[in-house]
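Peer 1: Given the coordinates of chain L, work out where chain S should sit on it, guided by the hints.
Single-letter residue listing:
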Amino acid sequence: MLVGMIDHAMVRLRSLLVREIRAFFQGRGYLEVDTPKLAPTLIPEAHLEVFATELISPDRPSVPLFLIPSPEVWHKQLLAEGSGSIFEITHCFRNGEQIGPYHNPEFTMLEYYTVDADHRDSIAVTEALFASLLEALTPEIAAMPKPGGGHDRTNAALHLNRLRPPFVRISVRDSVLEHTGLDLNRLTDSESLRAEVGRLGIHVEDGESWADTFNRLFVDRVEPALSTDRPLVLTDYPSGIPVLASEGNDPRYRNRWELYVNGVELANCYAEETNANAVARFFAGQAAAKRAARVPHTVDPHYPRVFGPSFPRCSGVALGVDRLLMLLAGEINMSGVILFGMSGILSVSNYR
Amino acid sequence: MIRAGGIEKGMCLLIKGEPHAVAEREFVNPGKGSAFVRLKLKNLRTGLVLRETYKSNDNVETADVFDRDVQFLYSDGENYHCMDMENYEQFDVPITGLEDKANFMKEGDTYTMVMWETTPIDIKIPLKMVFVVTEAAEGVKGDTVQGASKIVKVETGLEVKVPIFIKEGEKILVNTESGDYVERVNS
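Those sequence lines, one after another, are chains L and S. For the first sequence, this note's numbering gives the first residue as 3, with consecutive numbering after it. For the second sequence, this note's numbering gives the first residue as 14, with consecutive numbering after it.
Same shape as in the complex, but just chain L (with noise of 0.2 angstroms):
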């Protein structure tokens, strides 16, 4: 099955890739972390579907176990018991979503937690592993032979430039304002956003929910219009979203980031969420939203306690790194730089 089609450049460039990361983190006195893919209850997302599965045992009834989504369920558990400042690269699952140049149900992320920190020392933190990898890695890109055809490696340095840092900062509003002329502070309720949203020309739907009308804008008029030459975090989502990142100063938005190159979303950043009831109100809405999952998990009720006096001030990044790879290498699917990629496998075997 896909003899002759692996790609031993790229296997090798991925490796050199997991290696400086490790370098980079373990240099900066991060622990590495190994956490399970398996496990028996979820943070809920409510727009995230899952993989789920059963432990069978010859001595206990059944458990069901999902295939985590994300390794924060476990993070942040450590990080209450006191871990510091930790790191994993690690496989996660994302089900319900369509396998394409961007996605793979199965893919590589890394997660990185920086104790007495906020979502903008994670901005420099990623900086600097940015500028690090760039300079360990170029010498190998370069020297990346041409492949069958496909995709371009010659032009190197016009894609790693995409990735040098420092990277550009603009707030979501003035992005929005930028883009679609709409201002988000005089904004804050579902009506009158709904109403201007639909003036541009936007499907909209009555009753929607605030989250849901700045999606359909974001994702109509913002997200394609984004600048592309150089690494863009875009701050301070509204807080119309609701999210484990904690409130900014103005509530109207929250402490977190979202890395975009080439105009591809890349990293997800918080400024971890440190108070217990605010979580507790986040699991009872997302669990209520998630009603409509086709594949339901098991929340654990007593998460929110996690979260008590002793949980650190933190800031928490996820980063993909398949994308990540995409982008060093010049690729433009996916699937060139996993190996055994679904879309693959699933083409080889007689699916559908």
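Don't read these hints as lab results, they were simulated from the structure. It cannot be assumed that every hint is accurate.
Stated by the list, open to error - Straight-line C-alpha distance at most 30 angstroms; calculated BS3-like pairs for lysine-lysine:
| # | chain 1 | residue 1 | chain 2 | residue 2 |
| --- | --- | --- | --- | --- |
| 1 | S | Lys-137 | S | Lys-166 |
| 2 | S | Lys-53 | S | Lys-119 |
| 3 | S | Lys-141 | S | Lys-119 |
| 4 | S | Lys-141 | S | Lys-45 |
| 5 | S | Lys-166 | S | Lys-141 |
| 6 | S | Lys-22 | L | Lys-39 |
| 7 | S | Lys-166 | L | Lys-292 |
| 8 | S | Lys-45 | L | Lys-292 |
| 9 | S | Lys-137 | S | Lys-174 |
As the list claims (entries may be wrong) - Chain L stretches covered by chain S per the calculated footprint, using a threshold of three residues with CB under 8 angstroms from any CB of chain S:
| # | segment |
| --- | --- |
| 10 | 93–102 |
| 11 | 168–179 |
| 12 | 201–209 |
What the hints assert, rightly or not - Here are the simulated distance ranges between beta carbons:
| # | chain 1 | residue 1 | chain 2 | residue 2 | range |
| --- | --- | --- | --- | --- | --- |
| 13 | S | Leu-140 | L | Glu-180 | 38 to 44 angstroms |
| 14 | L | Asp-185 | S | His-94 | 52 to 58 angstroms |
| 15 | L | Leu-341 | S | Val-62 | 36 to 42 angstroms |
| 16 | S | Leu-27 | L | Ser-229 | 55 to 61 angstroms |
| 17 | S | Glu-112 | L | Glu-207 | 33 to 39 angstroms |
| 18 | L | Thr-140 | S | Thr-109 | 56 to 62 angstroms |
| 19 | S | Met-96 | L | Asp-231 | 50 to 56 angstroms |
| 20 | L | Glu-56 | S | Asp-89 | 45 to 51 angstroms |
These figures come from a predicted structure and were not determined experimentally. We treat Cβ as the ideally placed atom computed from N, Cα and C, and that holds for glycine.
Peer 2: Coordinates of chain S only, in the frame set by chain L:
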């Protein structure tokens, strides 16, 4: 009505009362949001391109279309010449808008054509098709560093990335959605 998440390329939708063919469909999952569908649509009356974004569970109105089995005779660069398999009537289908099918149109093969009223909207291409390799360079022995693949051409002009052992005159199975090589066909 159809859920936006179930919309596929080639489908025909009624948007603001006008029939539109779906030219491109892309799923987008914003940071922490539900799934969205970005569509590129072509107005079947005016040819104008329209871009629309829907949430996956929005309902969108469909336009009534029907299938017609046709044999593909040949292409003259402007039209696909086809014959209706029921009444043997020959007719021309303008290539404009269906350019992406050209690499998968084999003379003499039968295809399903999707019609809206009297307008051909789409030609359905089987997911996997067998092609004859018409141009192939010799593979270089021992060359494993470059991924051990090469580009060959098949009878429709389509270029496919294949393992180096594929030779001219051999038949290969191709996934027509991705354009990827699947396997060699022994006949």
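Peer 1: Where does the structure disagree with the numbered hints, that is, which hint numbers, in rising order?
Peer 2: When the structure is compared with the hints, numbers 4, 6, 7, 11, 16, 18 and 20 turn out to be violated.
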